[in-house]
Amino acid sequence: MAKGETLGEFEHLVLLAIIRLGNDAYGMQVRRELSACTGRDVSIGAVYATLERLTAKAWIGSTLGEATPERGGRAKRSFYVTDAGIRASNRTRSELAAMLEGLSFPLPESFL
Amino acid sequence: MSRHTFSQALFALAGLSDAEYIAGDLHEEFAMLRAELGSRSAWRWYAWQVLRCLVRPLALRLPAAFLAVAIPLALFDRMWLFVYTQLCAEPVAGLGTINILGLLAGASLLRPGQRRLTMGLLATGLAAGLMIGPAAFPHIISILLSVPAGAAAEQLRKVIV
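Chains A and B supply the protein sequences, listed in that same order. Oh and the first sequence: position 71 is 71 in our numbering, straight run, nothing missing. Oh and the second sequence: position 19 is 1019 in our numbering, straight run, nothing missing.
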């Protein structure tokens, strides 16, 4: 398998957030979904940087919405996961599952 | 200019291609947070988000800007300062260092297409602001001449890379 065909950890989280949000996946909602599910303090800049990377790899696509007053007259960019993105997600999940197999959680703090 | 518009301008200046969408998202979430938490907390959150948005692209751009623009500009500035001192007058202490720092900061903030002209203006303004009087003119001219040098360095980098 070529390097870059599996998702990085944060990339995977962003991609899963887009899938969870369905048709309403735009920057702010992705950020809020990530924060709500993981408890992390995620910045909108980090989300957009990752969205840009995923777009460059053709794992997600985007559509442009119209400008709205609640956004100060700015347009909205909504994201969706492509077939290649779904395949990458499945692949990453399988690899992780294979690595987790046989381990019991929570792991002990020391392996003496 | 509202703070949201100012933030959008900062994002664009930092080279974020999604500046409009990021600013729109922040605007929308800010309104929600202001209703939930109050104005002061919402603004604090907003400022923190803007800062975090700006740090990443600037940190990524700084090494490239240093190699491709700031070093050639600084070298040409030194060269023209040398020429000037050979011709007529005393060099001005400290201006070169301030120019280098200003140009480096400018180079890190600007997109490649904006760099040449804006950096020339920035450096000229910097020099003029620091030294009012006839002694400043050679430095201003030297910095202006160094702008095409920066452009040439960018072209050279493209050929090499």
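A portion of the hints provided could be inaccurate.
[Stated by the list, open to error] Covered by chain B, according to a simulated footprint, are these stretches of chain A (three or more residues, beta-carbon under 8 angstroms):
{"hint": "1", "segment": "18–24"}
{"hint": "2", "segment": "74–86"}
[As the list claims (entries may be wrong)] Calculated from the model, a selection of chain B residues having no Cβ within reach of chain A, i.e. all distances over 12 angstroms:
{"hint": "3", "residue": "His-1004"}
{"hint": "4", "residue": "Gln-1008"}
{"hint": "5", "residue": "Leu-1013"}
{"hint": "6", "residue": "Leu-1037"}
{"hint": "7", "residue": "Gly-1038"}
{"hint": "8", "residue": "Arg-1040"}
Since the hints were made in silico from the structure, they are not lab data. C-beta atoms are modelled at their ideal positions from N, C-alpha and C, and glycine is treated no differently.
Measuring Cβ to Cβ, find out whether Leu-1037/B lies farther than 12 angstroms from everything in chain A. holds (14 angstroms)
Does Gly-1038/B really sit off the interface, with its C-beta more than 12 angstroms from all C-beta atoms of chain A? holds (19 angstroms)
Mind verifying the non-interface call on Gln-1008/B? Its CB should be farther than 12 angstroms from each CB in chain A. Its Cβ does come within 12 angstroms of chain A, the nearest being 8 angstroms, so this is violated.
So is the segment 74–86 of chain A in contact with chain B by the C-beta rule, three or more residues under 8 angstroms, or is the coverage claim wrong? holds (count 4)
Should the label of Arg-1040/B as a non-interface residue stand, given a Cβ cut-off of 12 angstroms to chain A? holds (19 angstroms)
For His-1004/B, is the shortest CB-to-CB distance to chain A above 12 angstroms, so the non-interface label stands? About 5 angstroms separates His-1004/B from the closest Cβ of chain A, which leaves it inside 12 angstroms; violated.
Holds or violated: is the Cβ of Leu-1013/B farther than 12 angstroms from all Cβ atoms of chain A? The claim stands: Leu-1013/B keeps its Cβ more than 12 angstroms from every Cβ of chain A (closest is about 14 angstroms).
Three-residue Cβ test at 8 angstroms for the coverage of the segment 18–24 of chain A by chain B: violated (count 0)
In the structure shown, a violation is registered for the earlier hints numbered 1, 3, 4, in ascending order.
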